[in-house]
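Student: Now for the letters of each chain:
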Amino acid sequence: MVDWASLLQSLANGILIAGLYAAVTLGLTLVLGVMGIVNFAHGELIMLGAYSSFWLFTLLGIDPLLSLALSGVLLFFIGTGIYRFTIWPIMKDPPLNQLLLTLGLSIFFQNLAMILWKTDSRTIITSYSGMSLDLGIIHFGLTRMITFLISVVLTVLLVVFLSKTKPGRAMQAVSENNTASWLIGINVEKTYLLAFGVAAALAGAAGALVSTVMYTFPMVGFKLSLKAFCILVIGGLGNIPGTLFGSLILGITESFVGTYIPEGSGWAEGISFVLLIVILIIKPTGLAGTRRE
Amino acid sequence: MNRLISGKSFIVLIVLAVVLIFFYPRVMDSYFLHLTIAIFLAMILASSWDILARTGQVSVGQAGLFGIGAYASALLYQWIHLPPVLGILAGGILAVILAVGIGYLTLRLRGIYFSITTIAFAEALAVIWLMIPDITGGAMGVSTPPLFGGNRILAYYLILAILALVIMTVWLIEKSRLNFAFTAIRQNEDVANVMGINPTRYKVLAFMISAFFTGLAGGFYSHYNTYIIPYEVFGLNVSIACLVMPIFGGLYTILGPVIGTILVKVIEEFLRVTVPYGHQIAYGLILVVVVLFMPDGLIGLWKKRIKPLFLKKSSVG
Chain S
1 MVDWASLLQS
11 LANGILIAGL
21 YAAVTLGLTL
31 VLGVMGIVNF
41 AHGELIMLGA
51 YSSFWLFTLL
61 GIDPLLSLAL
71 SGVLLFFIGT
81 GIYRFTIWPI
91 MKDPPLNQLL
101 LTLGLSIFFQ
111 NLAMILWKTD
121 SRTIITSYSG
131 MSLDLGIIHF
141 GLTRMITFLI
151 SVVLTVLLVV
161 FLSKTKPGRA
171 MQAVSENNTA
181 SWLIGINVEK
191 TYLLAFGVAA
201 ALAGAAGALV
211 STVMYTFPMV
221 GFKLSLKAFC
231 ILVIGGLGNI
241 PGTLFGSLIL
251 GITESFVGTY
261 IPEGSGWAEG
271 ISFVLLIVIL
281 IIKPTGLAGT
291 RRE
Chain W
1001 MNRLISGKSF
1011 IVLIVLAVVL
1021 IFFYPRVMDS
1031 YFLHLTIAIF
1041 LAMILASSWD
1051 ILARTGQVSV
1061 GQAGLFGIGA
1071 YASALLYQWI
1081 HLPPVLGILA
1091 GGILAVILAV
1101 GIGYLTLRLR
1111 GIYFSITTIA
1121 FAEALAVIWL
1131 MIPDITGGAM
1141 GVSTPPLFGG
1151 NRILAYYLIL
1161 AILALVIMTV
1171 WLIEKSRLNF
1181 AFTAIRQNED
1191 VANVMGINPT
1201 RYKVLAFMIS
1211 AFFTGLAGGF
1221 YSHYNTYIIP
1231 YEVFGLNVSI
1241 ACLVMPIFGG
1251 LYTILGPVIG
1261 TILVKVIEEF
1271 LRVTVPYGHQ
1281 IAYGLILVVV
1291 VLFMPDGLIG
1301 LWKKRIKPLF
1311 LKKSSVG
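Protein chains in written order, with the working numbering: chain S, 1 to 293; chain W, 1001 to 1317.
These are computed hints drawn from the structure, not numbers from a lab. Hints are not guaranteed to be accurate.
[Stated by the list, open to error] Not the full set, but computed from the structure, chain W residues with beta-carbon under 8 Å of chain S:
id	residue
1	I1112
2	V1273
3	Y1277
4	I1281
For glycine and all other residues, C-beta sits at the position ideal for the given N, C-alpha and C.
Isolated chain S, as found in the complex (with noise of 0.2 Å):
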């Protein structure tokens, strides 16, 4: 006999907690698909995010879901200095020496997040941190609900600046092929400064989400960098469609394992790993895309 109230509840939490990842990855496959870089500093965009919202919060008792805007914009400011500073100079290399690169300011962020703040894990709790959403036989937190809708709106602001916006329409240009883009006068290096910096704009509201449901800590960039990377490949690198379609396939296997296995929820943890080997043995161009290889 199956317990279908359980069974709805795990489903709903993870399409929850999916909206949350597709909000975590939507700025790496952006960067990812107009310039050709994953940024291993994504999660540390994150972080600084999450670290941002905790302390408006502490010192200012502003609500992390309004200093989400200001999250934004502060990234927005950081991720254009890290582009024109540290990336712009190295468009033209290798490949590898971009992976370096940013692998690089990866390690500086989350040691200088440990000088500044300690390894303590630090949580947001709210006036409505406890309360919950019923709905017949399942339930939600009224948190997490509020993080899955907030991401929402962003995957629909990010889908409406990139079809209907000029600078969005020239990145989707860019994204197609760069040297035709040059030619008929859209200025790439612009187009990926812009990229760039919106990308983090979008880690940095991720990572107000992220203070509210999880605890905030130095590692955490890291740690969703790592399910993000799983949903990257799952989607087929660097398409938004992809993306959303991982984040969901990523969520709710993490609340399935998490419900019907022993000791599950540890487990989670190591479940984008598994979901990773599984994609490259059956479809490495991953589940949703056409992309090549």
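Dock chain W against the given chain S, drawing on the hints supplied.
Tutor: Chain W only, in chain S's frame:
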């Protein structure tokens, strides 16, 4: 080719160095001997990472192979009292087997798949180790009796032998046709393919060699240190150290990883005292600075900037 020293005096230097290295433990005190062993161990990790890098692949998960080597030999000692030297060898072999698996899955794809998979691999091993404590010892770790009854001089000779083996392997690769295959694959995989080189096969081979020595280093570490825990041996810090040291020194050279290791270790020892948390910030800074300002590492800096200063008078065209 310009040389700073003539062939004859070069040989004399080598002989002197060998004699010095051999008698070193007789004259050094215990602390410096310990530091030397740690540096030799790191040199093995650095050089074996560089072997794989010669094919253009970036492993961000050497800790997985190091940890497997460490745990294989420690657990084999605990279960069947396998002599440490054999246990260390078993660690190396097990690391090779895992490398073949990961290599065949990912090395036929673009390089980024390999890097992503290796980083996830090391983390996944840490999860597995924590989740099945009955077999692995869990978060409490595993301890073994001191290597050679705590005789540091014998431990020194063992790690020296492994290091010599690694350096010799790198030298043999440089002298053999493997060097051409590795370099061709690194510079342009499609062209290499057309030239009749099977890129996947050579990349897997390089990964196997790299994994073997990394596994050996892990095995040595567990017995020498007498105690290992998953967070440490599978940790990101190990993987990062493995790549920062050779990149700092200079890639695709014999000397680069050796020099890079010495400097990184010295910087680390210094920072460990002054910055309690986060002293690995140096690793990140070194990576960024090297990629931006000195792409061929210290060796490249020496060849391009410093060596010409000495040779100004004698250099002709």
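Student: Quick one, is the Y1277 of chain W hint okay against chain S at 8 Å, beta carbons?
Tutor: holds, 4 Å
Student: Let's test the interface hint: is any C-beta of chain S closer than 8 Å to that of I1112 of chain W?
Tutor: holds, 5 Å
Student: Would you check whether I1281 of chain W satisfies its interface hint, that is, whether its CB is within less than 8 Å of any CB in chain S?
Tutor: holds, 4 Å
Student: Was the hint right that V1273 of chain W lines chain S, CB cutoff 8 Å?
Tutor: Violated - the Cβ of V1273 of chain W stays beyond 8 Å from chain S, reaching only about 14 Å at its closest.
The structure is inconsistent with hint 2 alone, although it conforms to all the rest.
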